[in-house]
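> Generate the whole structure from the sequences, applying the supplied hints.
Protein chains in written order, with numbering that gives the first Met the number 0: chain A, 0 to 306; chain G, 0 to 306; chain Y, 0 to 306; chain U, 0 to 306.
Everything labelled a hint here was simulated from the structure, so no lab data went into it.
Any given hint could be a false lead.
[To be verified] Once the Cα atoms are required to be at most 25 Å apart in a straight line, the calculated BS3-like pairs of lysine-lysine come out as:
id, chain 1, residue 1, chain 2, residue 2
1, A, K180, A, K271
2, A, K180, A, K104
3, Y, K36, A, K104
4, U, K104, G, K22
5, U, K104, A, K104
6, U, K180, U, K76
7, G, K76, G, K180
8, Y, K104, Y, K180
9, U, K271, Y, K271
10, A, K36, A, K22
11, Y, K104, A, K104
12, G, K180, G, K104
13, A, K22, Y, K104
14, A, K271, G, K76
15, Y, K36, Y, K22
16, G, K36, G, K22
17, U, K180, U, K104
18, Y, K104, G, K104
19, U, K36, U, K22
20, U, K104, G, K104
21, Y, K180, Y, K76
22, G, K104, U, K22
All values derive from a computational prediction rather than experimental measurement.
Okay, here's what each chain looks like letter by letter:
There are 4 protein chains.
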Amino acid sequence: MEYLNDIVATVRRDMEAHLGRGKVADYIPALARIDPKNFAIAVATCNGQTAEAGGAHLPFSIQSISKVFTLTLALNKLGATLWERVGREPSGSRFNSIVQLEAEKGIPRNPLINAGAVVVTDTLLDGGEAGATILEILNFMRRLADDAAIVIDEEVAQSEAQTGFRNASLANFLRAFGNLKGPVNEVLKVYFNQCAIRMNCRQLARAGLFLANGGQDPLHHARVTTPFRTRRINAVMMTCGHYDASGDFACRVGLPGKSGVGGGILAIAPRKASVCVWSPGLNAQGNSLVGAMALERLASLTGWSVF
Amino acid sequence: MEYLNDIVATVRRDMEAHLGRGKVADYIPALARIDPKNFAIAVATCNGQTAEAGGAHLPFSIQSISKVFTLTLALNKLGATLWERVGREPSGSRFNSIVQLEAEKGIPRNPLINAGAVVVTDTLLDGGEAGATILEILNFMRRLADDAAIVIDEEVAQSEAQTGFRNASLANFLRAFGNLKGPVNEVLKVYFNQCAIRMNCRQLARAGLFLANGGQDPLHHARVTTPFRTRRINAVMMTCGHYDASGDFACRVGLPGKSGVGGGILAIAPRKASVCVWSPGLNAQGNSLVGAMALERLASLTGWSVF
Amino acid sequence: MEYLNDIVATVRRDMEAHLGRGKVADYIPALARIDPKNFAIAVATCNGQTAEAGGAHLPFSIQSISKVFTLTLALNKLGATLWERVGREPSGSRFNSIVQLEAEKGIPRNPLINAGAVVVTDTLLDGGEAGATILEILNFMRRLADDAAIVIDEEVAQSEAQTGFRNASLANFLRAFGNLKGPVNEVLKVYFNQCAIRMNCRQLARAGLFLANGGQDPLHHARVTTPFRTRRINAVMMTCGHYDASGDFACRVGLPGKSGVGGGILAIAPRKASVCVWSPGLNAQGNSLVGAMALERLASLTGWSVF
Amino acid sequence: MEYLNDIVATVRRDMEAHLGRGKVADYIPALARIDPKNFAIAVATCNGQTAEAGGAHLPFSIQSISKVFTLTLALNKLGATLWERVGREPSGSRFNSIVQLEAEKGIPRNPLINAGAVVVTDTLLDGGEAGATILEILNFMRRLADDAAIVIDEEVAQSEAQTGFRNASLANFLRAFGNLKGPVNEVLKVYFNQCAIRMNCRQLARAGLFLANGGQDPLHHARVTTPFRTRRINAVMMTCGHYDASGDFACRVGLPGKSGVGGGILAIAPRKASVCVWSPGLNAQGNSLVGAMALERLASLTGWSVF
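Below is the structure:
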């Protein structure tokens with residue numbers, strides 16, 4: 000544990016010189032006003048240790064990191080039939096690209112790009128009502144993070160809805176191909192709300208721990224999903240978790256990870272730990288610039304790379 | 000060791016029902032006449048154990064598996080500057096697609112698709128002569144496999160040259176963008192010869208062992224490449240090793256792997272073992288159909304998935 | 000006049016054997032139930048002659064033919080600045096493709112594909128109210144056709160709105176790029192209504208006559224648009240009027256033309272005549288199969304090809 | 000005739016202020032050293048009049064203008080079966096794009112982009128020898144221009160061959176799809192030579208006159224091709240003659256035309272005249288910038304637009 004605290008402190012110190020690099024997402028005011036110099040890291044190990052540095056208690060918008068958790072819910076619900084509606088191949092293109100969707104007749108490449116995540120959300124909605132599905136996702140996060148205080152940032156959710164024309168375009172496109180069953184507006188409502196969940200690094204690292212432990216929460220011993228599905232979720236994070244920079248992240252960090260436009264990244268070291276970093280400045284591919292550097296440093300110091 | 004032999008025997012037995020499935024590559028006669036019912040598996044562990052089943056002594060054309068080894072040579076030669084000429088992102092398209100190459104101005108997506116491998120080969124040629132470079136690659140394979148008897152199948156090399164219009168197209172395209180330095184014909188000559196190397200599963204598993212052992216041959220203790228580069232090579236195999244089915248392979252097998260159109264697949268279990276399977280019938284993406292099934296079964300029985 | 004009647008009768012007779020070929024649009028019930036054996040042709044010449052055959056009095060859904068007329072209105076309103084928001088190049092792809100829109104950052108290729116027509120409609124809406132713009136377009140058609148009885152098919156308009164997910168996707172996509180100013184739903188409402196205008200061949204041939212006469216109605220002598228804009232509209236019809244079959248239509252017919260999914264085609268013989276054909280069976284590119292054949296025959300018999 | 004001389008003189012005067020604009024092709028030395036301020040125009044009418052201004056006697060490299068004439072030869076040879084190997088749709092992309100070729104399995108979009116022209120050249124080679132085919136094309140140009148002095152610029156032909164990696168890529172790609180029958184190098188040799196033919200505006204206007212006259216040379220009364228094929232050639236020039244600026248040229252000039260990277264443009268006014276302009280500065284799409292302006296002015300002054 001001392002060892003881990005030292006490493007985390009080293010990572011933070013090494014990031015000092017880079018803070019403020021990258022470009023904060025500015026498509027909605029609530030994200031645009033975040034100080035780019037923020038930085039936090041939290042580690043939770045399978046044997047119950049934790050270590051953190053920076054503002055690990057500061058909440059941020061988890062955004063696309065939510066896709067990992069809705070994927071887990073959807074796999075639990077549908078099993079392998081989910082893959083009939085969404086692929087599991089890297090897309091080689093941006094998070095919100097619509098090009099491949101046309102070529103592949105409405106089957107999104109994977110569940111971690113926007114189009115795929117919208118399909119996943121649609122499977123959770125499943126003819127029901129947006130409010131109930133939003134609550135289902137929120138409660139799932141609360142349970143995994145062991146923290147009932149987690150909430151949705153209403154301002155973010157509303158801003159997303161008001162400016163989300165590109166996601167509306169994707170959703171309508173999916174619907175045109177018959178790969179969206181629910182009403183476009185209901186599905187988008189859930190999607191914008193799941194992205195607007197506010198969590199801090201401590202909570203996210205805790206919430207991801209089951210992915211490092213074969214699908215079982217190592218602390219409460221609750222089974223979240225099967226080992227089989229856990230491997231698939233981690234594999235999809237490895238090959239698709241950083242959009243068209245997934246290969247680069249795999250090379251540099253060597254861990255399954257998922258980034259969000261709010262500046263967070265969740266990374267899983269199988270059989271060892273769950274890690275969350277946060278730094279709001281993004282690189283050209285929309286992933287946290289300093290966050291990825293921090294994970295690269297952490298993986299190097301811990302030797303946690305799966306490769 | 001008994002344990003491993005049992006597993007390998009089980010894998011072989013489980014594959015029995017599937018032999019002959021898939022479509023043997025038929026673009027050249029030397030490949031087309033291979034019996035699709037062939038199957039072999041060989042495992043070499045970092046602590047010196049081996050296990051095999053099926054025709055593990057039968058040589059086949061390694062084809063694109065050679066790309067892993069030329070990548071190793073090129074990284075040793077150029078270091079990180081290699082990445083200025085070739086990316087490390089999954090392509091989301093077929094092994095010989097030229098589309099992305101145009102959009103991305105002659106920088107191939109990764110070194111494991113044809114265009115990227117041709118660039119890698121060009122860095123090895125480096126203004127020299129095809130014959131010398133071919134020998135360099137062949138000797139590298141002989142040394143890694145600890146077997147001086149490995150040769151190039153001249154018939155295959157010549158057939159490739161006579162029918163390789165698509166690769167000639169890629170090479171000329173790269174040259175048009177200034178990303179090929181050597182004469183098109185010389186580079187292609189090396190490329191067609193490296194693909195025509197004949198090896199069996201036993202030799203290939205042995206040759207890949209350094210990738211499971213941080214870059215060092217665990218038996219002869221010779222350093223082949225650095226741990227840092229080893230992780231990158233494995234990462235690239237994980238995200239890009241099976242063309243537009245790389246995500247599926249990562250989900251099902253969970254190991255870095257590289258397939259060849261001759262029906263071979265080399266898979267690496269980091270810190271544990273190197274595995275080679277061979278079965279000539281290919282799936283729609285050009286990867287060994289039964290080979291991937293066998294690796295999925297092996298990973299399941301051994302628990303070697305990195306996820 | 001006798002001469003023209005003979006030709007029109009010949010065209011009709013020659014089409015007899017082909018009636019019923021092609022596939023009637025079936026994405027909404029109101030179109031799906033049209034008898035594929037319908038056929039009509041009407042010619043209106045600049046010197047006041049008319050000739051017709053088949054059901055030239057039978058109304059049909061003009062659909063995309065409306066794009067020619069909204070383009071005329073928009074050019075009159077915005078002049079050349081319209082081309083800052085929509086291109087005038089053939090797209091080389093389907094009428095509702097979204098691929099190029101992404102590559103070209105929300106500027107549709109031309110005003111005769113769906114995305115471009117939606118932008119044109121947005122310029123007509125211009126911050127106003129859908130109802131008023133719909134009426135403006137409808138009254139323009141009534142004036143041009145010299146027939147106040149022309150109406151909108153409400154069933155078609157409503158069906159389009161209920162099933163138009165792909166157009167909703169395009170509109171949201173345009174909005175995401177800032178190339179749609181009005182509310183998505185309002186713009187689409189106008190668009191779906193303009194497509195649902197019901198006219199017959201006689202009316203449409205009459206309405207298009209100004210395009211054959213340098214922008215002036217040759218009968219009432221009212222100026223509809225300038226000669227300069229008329230040439231541009233005809234040029235855009237020639238290069239873009241039949242989606243990814245525009246080149247084929249230019250080769251076979253040699254006249255500017257615009258097809259609609261309802262089976263109508265309006266063709267312009269500059270300085271000579273305006274022609275409308277109708278036959279609901281469509282070819283693979285979504286253009287009237289027998290309609291294009293009829294125009295090819297007509298152009299051959301009259302020598303009206305511009306080439 | 001006076002009238003035409005006046006117009007041509009006016010066009011030239013109006014271009015004065017624009018001379019030197021655009022960027023001279025610089026991929027080979029022989030083109031790069033041409034003075035960008037060159038300008039010439041020549042008109043030949045169906046009734047035997049001629050008018051010219053600027054350096055109408057100065058020879059330049061006809062480059063892609065040659066594609067119109069090889070298309071004529073190929074249509075005469077193969078008739079409509081030519082269209083099984085090359086389309087007649089605008090490509091919506093650059094002259095040397097390879098993307099559509101992959102999507103459409105080796106069938107080039109039209110005979111006026113490079114890939115299509117290479118296929119056309121292959122049909123002329125037809126298993127024969129490059130030298131004979133080059134002579135056939137050269138003699139065709141001499142006969143049409145009524146000038147036996149026309150020659151091939153050997154320096155240009157050789158430079159093209161040495162730097163033509165992109166065309167070599169296209170040709171190999173076509174061969175990979177079975178849409179090139181002759182040896183790649185032989186076909187390219189013919190292609191590079193046809194592009195390297197040197198002619199002046201006077202000769203080219205004369206040579207194109209049959210296209211303005213239904214396929215018959217109006218002066219010598221020799222039939223060059225049928226009226227039917229003439230209309231198709233003109234239609235293809237209209238929709239495809241300026242690559243991804245064909246729609247713009249149709250709007251501005253309203254005449255079938257074909258540009259070459261040497262700065263020439265041949266335009267046809269059906270039933271009236273054949274026009275050639277030359278000015279070496281190119282626009283972003285690779286077409287003569289001042290040349291297109293001159294034709295726009297000419298069409299405006301003469302009223303020759305087909306629209």
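> All the hints need checking, so say for each whether the structure fits it.
Evaluation of the provided hints:
1. Restraint check: the Cα-Cα separation between K180(A) and K271(A) comes to about 39 Å, which exceeds 25 Å; the hinted pair is violated.
2. Of the pairs offered as hints, the one joining K180(A) and K104(A) holds, with about 15 Å between alpha carbons and a cut-off of 25 Å not exceeded.
3. For a cut-off of 25 Å, the pair hint linking K36(Y) to K104(A) is broken: about 31 Å separates their Cα positions.
4. Between K104(U) and K22(G) the CA atoms are separated by roughly 21 Å; this keeps the pair inside 25 Å, and the hint holds.
5. A hinted pair counts as satisfied when its Cα atoms are at most 25 Å apart, and K104(U) with K104(A) qualifies at roughly 19 Å.
6. With a CA separation close to 16 Å, the supplied pair K180(U) and K76(U) stays within the 25 Å bound.
7. In summary, the hint linking K76(G) to K180(G) is supported, as the alpha carbons are separated by about 16 Å, within the 25 Å threshold.
8. For the given pair, K104(Y) sits about 15 Å from K180(Y) by alpha-carbon distance, which is consistent with the 25 Å threshold.
9. Between K271(U) and K271(Y) the alpha-carbon distance is near 17 Å, which keeps this suggested pair within the 25 Å criterion.
10. Proposed proximity of K36(A) and K22(A) is supported: the alpha carbons are some 11 Å apart, at most 25 Å.
11. The straight-line distance between the Cα atoms of K104(Y) and K104(A) is roughly 22 Å, inside the 25 Å bound, and the hint therefore holds.
12. Straight-line distance between C-alpha atoms of K180(G) and K104(G) comes to about 15 Å, which keeps the hinted pair within the 25 Å bound.
13. A threshold of 25 Å between alpha carbons decides the hint, and for K22(A) with K104(Y) the separation of about 21 Å falls inside it, so the pair holds.
14. As the CA atoms of K271(A) and K76(G) are separated by approximately 35 Å, the hinted pair breaks the 25 Å bound.
15. A threshold of 25 Å between alpha carbons decides the hint, and for K36(Y) with K22(Y) the separation of about 11 Å falls inside it, so the pair holds.
16. Restraint check for K36(G) and K22(G): satisfied, since their Cα atoms lie roughly 11 Å apart, inside the 25 Å limit.
17. Distance hint between K180(U) and K104(U) is fulfilled; the C-alpha atoms sit about 15 Å from each other, no more than 25 Å.
18. A C-alpha spacing of about 19 Å is found between K104(Y) and K104(G), which places the hinted pair at or below 25 Å, so the restraint holds.
19. Of the supplied pair hints, the one linking K36(U) and K22(U) holds, its CA atoms being roughly 11 Å apart against a limit of 25 Å.
20. For the given pair, K104(U) sits about 22 Å from K104(G) by alpha-carbon distance, which is consistent with the 25 Å threshold.
21. Restraint check: the Cα-Cα separation between K180(Y) and K76(Y) comes to about 16 Å, which is no more than 25 Å; the hinted pair holds.
22. For the suggested pair K104(G) and K22(U), the alpha carbons sit about 21 Å apart, so the restraint of at most 25 Å is met.
The structure is inconsistent with the numbered hints 1, 3 and 14, although it conforms to all the rest.
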